[in-house]
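*Asks:* Protein chains in written order, with our numbering: chain F, 23 to 314; chain G, 11 to 350; chain B, 999 to 1536.
Among these hints, one or two may not hold up.
Stated by the list, open to error - Covered by chain G, per the in silico footprint, the following chain F stretches (three or more residues, Cβ under 8 angstroms):
| hint | region |
| --- | --- |
| 1 | 99-107 |
| 2 | 253-267 |
Stated by the list, open to error - These stretches of chain G come out as covered by chain F in the derived footprint (C-beta under 8 angstroms, 3 or more residues):
| hint | region |
| --- | --- |
| 3 | 107-121 |
| 4 | 160-169 |
| 5 | 175-183 |
| 6 | 223-232 |
| 7 | 246-254 |
| 8 | 318-332 |
These aren't lab readings, by the way, just hints derived from the structure by calculation. Glycine included, C-beta positions come from ideal geometry on N, C-alpha and C.
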Amino acid sequence: MTAEGWREVAGARSRPWAGTRHAVARGGSGPWWVALGGVVVVVLLLGAGAADQRADFEQAFLPPSAEHPFGTDQAGRDLLARSLAGARVSLLVGLVAALVSSVVGVVVGGLAGSLASRAGGVVDGVLMRVVDAVNALPHLVLGIVIVALLGPSLGSVILSVALTHWTTTARLVRAELLALEGVGFVEAAVGAGAGRWWVLSRHLLAHVMGRVVLATVLMVPHAIMHESALSFLGLGLPDDQASLGTIIEQSRTAVLAGHWWPAVLPGLLLVALSLVVFVLGERLRPVSWGRS
Amino acid sequence: MDDRRRVRLPTRLHPARPPLTGLLVGRLLLLPVLVAVVTLVMFALAQRTPFDPVLATLGERALTMDGPTLEAMRDRASDTGAVQQWAAWWGNALQGDLGVSSSQRSPVSTVIAQRLPWTLGLMSAALVLAVLGGVLVGGLAGTRPGSWADRAVGGGLLATQAAPPFWVGLVAVWVFAVWLGWLPTGGATSPGSGSVEALDVLRHAVLPVLVLALSQLPWFGLVVRDATRDALAGVPVRAGWARGIPTARLLRQHAVRPALLPLVTVLGVRVPELITGAVLVETVFSWPGVASATVDSALRLDFPLLAALTVLTTVLVVLGNLAADVAYRVVDPRVGRRDG
Amino acid sequence: MSGHGYAESRDVVLPASQTAGPGGTPDWRPVGGLRVEGLGVALPDGRGGHQTVLEQVDLRVPRGRLVVLLGPSGAGKSTLLAALLGLLPTGSLVRGHGWWEDEEAEPVDLVDPGAPARERLRGRVAAWLPQAPVGALTPVLTVGHHLTEKARVHVPAGQVQASVRSAMRRHDVEPQWWRRLPSQLSGGQAQRVSNALALLGDPGLVLADEPTTGLDRPRARAAAAGLTALAHDEGRAVLVVTHDLRLAEEAADAVVEIDGGRSRGADVPVGEVIARARRATHRLAPHATTGQRLTAPGEGPAVGGGPATGGAPHTPGGGPDEGQGPGLAGVDLTLRRGRGTLVRSGVTLRVRPDRTTGLMAPSGAGKTTLLRALALLHRPSAGQVRLDGRPVHGTGYAVPAALRRRIAFVPQDPRQGVDPRWTLGRSLLEPSRLAGRAGDDTTVARMLDRVGLAPELAGRRPDEVSGGQLQRVVLARALTLGADFLLLDEPTSMVDAATARAVVRAVHEHQHATGCGVLVASHDEELLRTWCDVVVEW
Chain F
23 MTAEGWREVA GARSRPWAGT RHAVARGGSG PWWVALGGVV VVVLLLGAGA ADQRADFEQA
83 FLPPSAEHPF GTDQAGRDLL ARSLAGARVS LLVGLVAALV SSVVGVVVGG LAGSLASRAG
143 GVVDGVLMRV VDAVNALPHL VLGIVIVALL GPSLGSVILS VALTHWTTTA RLVRAELLAL
203 EGVGFVEAAV GAGAGRWWVL SRHLLAHVMG RVVLATVLMV PHAIMHESAL SFLGLGLPDD
263 QASLGTIIEQ SRTAVLAGHW WPAVLPGLLL VALSLVVFVL GERLRPVSWG RS
Chain G
11 MDDRRRVRLP TRLHPARPPL TGLLVGRLLL LPVLVAVVTL VMFALAQRTP FDPVLATLGE
71 RALTMDGPTL EAMRDRASDT GAVQQWAAWW GNALQGDLGV SSSQRSPVST VIAQRLPWTL
131 GLMSAALVLA VLGGVLVGGL AGTRPGSWAD RAVGGGLLAT QAAPPFWVGL VAVWVFAVWL
191 GWLPTGGATS PGSGSVEALD VLRHAVLPVL VLALSQLPWF GLVVRDATRD ALAGVPVRAG
251 WARGIPTARL LRQHAVRPAL LPLVTVLGVR VPELITGAVL VETVFSWPGV ASATVDSALR
311 LDFPLLAALT VLTTVLVVLG NLAADVAYRV VDPRVGRRDG
Chain B
999 MSGHGYAESR DVVLPASQTA GPGGTPDWRP VGGLRVEGLG VALPDGRGGH QTVLEQVDLR
1059 VPRGRLVVLL GPSGAGKSTL LAALLGLLPT GSLVRGHGWW EDEEAEPVDL VDPGAPARER
1119 LRGRVAAWLP QAPVGALTPV LTVGHHLTEK ARVHVPAGQV QASVRSAMRR HDVEPQWWRR
1179 LPSQLSGGQA QRVSNALALL GDPGLVLADE PTTGLDRPRA RAAAAGLTAL AHDEGRAVLV
1239 VTHDLRLAEE AADAVVEIDG GRSRGADVPV GEVIARARRA THRLAPHATT GQRLTAPGEG
1299 PAVGGGPATG GAPHTPGGGP DEGQGPGLAG VDLTLRRGRG TLVRSGVTLR VRPDRTTGLM
1359 APSGAGKTTL LRALALLHRP SAGQVRLDGR PVHGTGYAVP AALRRRIAFV PQDPRQGVDP
1419 RWTLGRSLLE PSRLAGRAGD DTTVARMLDR VGLAPELAGR RPDEVSGGQL QRVVLARALT
1479 LGADFLLLDE PTSMVDAATA RAVVRAVHEH QHATGCGVLV ASHDEELLRT WCDVVVEW
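Based on the sequences and whatever the hints tell you, model everything.
*Replies:* Laid out in structure tokens, this is it:
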């Protein structure tokens, strides 16, 4: 009777919860996605689409063709070249803004987290109230106010995005630091006589930085969205630095005249760009969580 | 770890629960402070910009002043600091005088009174649709983890989330208004008609409401999907299955229903995103609400309107957060009864 | 065989649970029951392979009998129940059978009845009494909802109300709980609701998972009596899996041991199995060789050598002199957990040098909180921690490093005990580095050897070793600290018998060499009585 071989229970795979384990623990194709996303990002940044963008009003609103895969816009410019250039601007703004906001977030969150148990947590309390206050404003409205007050330019758009997005990182860093304070290996190090600096430099930093890198990557799509929304509202970048948002904004009248391509195709590129960066970040997630 | 978690059970009935009124009072006291700080920062920043805070500090008196007087006021204002201007603005605002909007050519309070209902109507209709749709697709995907339906819904929601609402709006205008010609391209009423007719407004509202709902739906859908999946993986579902509860009922009552709890409690937190969406959708469809007026006021350097609208959105967001906290406590009796 | 098991049980079952006297005729006929034959279960290990949890389990649970399956945590007891209930994780492999035999019907294999038969069987044959009843109820549905829902499945529409009412009466579910959510029930109330729910529809087989977890003695005894009644009075086949020897002793008609995935003792009388289990625990503690330690310095005359319970100076609230002598002492501590739930107040306890003190308490009684307070990791709300009579103030960084090194704490769960990014060798050397001593591979190898681990483990990371190995690594690191006081939190609860022996031996040898004071907190009475010089009972 014991000689029977192993078998799977009939119907075990149709239990209501059968897929939950699988669905959570997927992500085997991580390296491929990371490589693909990385290539897309690098190619865009290195200046694909730096091609010809001259205006030629006789060529205005040509529908997509072999010569102009995205068609042409109201000034007869090739929309593919213009969209790629716009995507580069969007990506650049997104990256820089995400980076700036992460730096702000790490500084604020790090201060709050490491001072939470000292001096009655006054510093922590004040910093977290500031985070609450910034979060209490809709990001786009705050962004509009900042750009409106500083005047539209690349700098103010980046600042507007960075100033509204750092709170996520700050909260993350603080929460991580506080959570790690009671974790076994930190307590063991403290018990063995380690000082704050030892614990911070040898244990905490590596743990927190993984999460921060991930949060920064995942913030890029947000920042791109934010920038394109500002540009679409006319509060973003000037025409010579057109981002995808600017291009879509300029297509509004064309759409009413039935020219769909100046709006639809650059928009699809924007969606694809956000998705690629987002998926890239999601695939990085297991890596950033370390071997825990 | 496990040890600590398990012990909570018997202690739950004796809560160290901060009272609801305390929470309400605390937040409502914080609100004026927050609004005051935000406006102060705005006045400080406006000092170095093309904006004209003088119009804001004068209030509705600006309507009756002639050019030279205004110039004189401006000279004097450049000597006074942002703090004085801010104080003057608040002095007027507390008496109901929010100043005059230069872009709309009427008092700010009138602008808001006329436009706020349009925005609130748009937002609430979209919110209801987004929640219903989110529960539907999220529950569908969450109860079939790993299936093709789950993957399709997951991918679709991510793509929808990645699509900016203004672009979706433009595509919708092209398809339904320009190409098919079924619906109007924008506005809230037809240009010819002087009065507001319900059917006409409904026709105009279809696209804006749907686009705004679509922009909010992915988030609700993903929350419900993940929460459903979590519930499905938990012991109660297994216990229910072992008790012989029929599968359909098990999924509905023991997996999707627990997942609605987090949804209800996070509704209020979504107010900022809803406002962001409304700003973009109102702009695309020329919807006469306050959100598009925010953009107008920023573009046309209309400081009084921008300041008032910023205060308005801040208040809305804080109230939304408060509603979320209250809902959290009312809906989920476990919250606030636990320690640690 | 069933008659034999029943007769044996007469000696050990408490009088309280004896309702059907030896001469009385029960109103059920002991026909049918559960027959597990050659059952093996291999669970997916998450990397595409399988880990065999159960090799070969054979046991019989006739109707009208209560059988206890005895084994340490992690021995696969819950997996056995999951296999019988059809609740194994997706991708698990099984072999063997779990036949359910009923008077009139064909025997069915509960392990693998086929999908359509499973659909008919679930909820009708086996009642599952899960370990934590609150966690097994759906949090957003009321007690009433749970009960009517199950009744609708198993009872004709007209009798739903009546059957729910009778189930509530039988299991002491009070009517005012009808509208409550699971979170609004106390542990005991949830237990009763869970029982009523599981037994609605009259299933013949009852599967109870660790029914005494977190209960104090009187409540554990009541739970045992309830389970006995299900078997003896109602004629069900009751299978209880537990590591609680007392529960087995009090309630079992037969005991089956499980270790290393194999069952033993199905046909051996209860008393013998329990005696053997006792002896196995005794072997853990090498007390026979330690008589000379009784003369160690600092020994109070009030405390005798050898196992003893609750020596007067050690009981909570003991005399004020407790904090004075040499040793690590908590004096009149008030302990709170998290944001303020009171765990216990007036706790006084001293860990003496070169003595092993046992702290016995059920899970969840606050052992961990007390140990963390003594380890200067948790601030007590009141009272003092004293080191050799002098009070120590503050926790964590606030305590001078030299003082911190005198106390080593080994937490219950080793998984977070070492930095997941570090190799085990690096983690092992951390205390030496902090103390300014150099260390190399041979040092690490020696440390690993002390706890019975191979030197190759030094290059591995925490996720590449088993829980038992990790537990010993954490212990090895604590031993290197050269601390004067070693505080162990449930050191054997998450490991198999072999690891438990290795842990006890390593601590014992270390104590012999250094004369350090050891405090062992556990719910395992057998372990403490055989290992410790003094046992304090909470």
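*Asks:* Each of the hints needs a verdict: does it hold here or not?
*Replies:* Structure-based check of each hint:
A stretch counts as covered by a chain when three or more of its residues have a beta carbon under 8 angstroms from one of that chain; for the region 99-107 of chain F and chain G the count is 0, and the coverage is violated. Counting residues of the region 253-267 of chain F whose C-beta sits closer than 8 angstroms to any C-beta of chain G gives 5, which meets the bar of three, so the coverage hint holds. Given as covered by chain F, the region 107-121 of chain G fails the check, having 0 residues with a CB less than 8 angstroms from a CB of that chain where 3 are the minimum. Check on the region 160-169 of chain G: 3 of its residues sit with their Cβ under 8 angstroms from a Cβ of chain F, so the three-residue criterion for coverage holds.
For the region 175-183 of chain G, the stated coverage by chain F holds: 5 residues have a C-beta nearer than 8 angstroms to a C-beta of that chain, and at least 3 were required. Figure legend: the region 223-232 of chain G, annotated as covered by chain F; annotation inconsistent (0 residues with Cβ-Cβ distances under 8 angstroms, at least 3 required). Taking a C-beta to C-beta cut-off of 8 angstroms, the region 246-254 of chain G contributes 3 residues in contact with chain F, enough for the three needed, and the coverage statement holds. Look at the region 318-332 of chain G against chain F: 7 of its residues bring a Cβ nearer than 8 angstroms to a Cβ of that chain, three or more, so the hint holds.
When each numbered hint is compared with the structure, violations occur for hints 1, 3 and 6.
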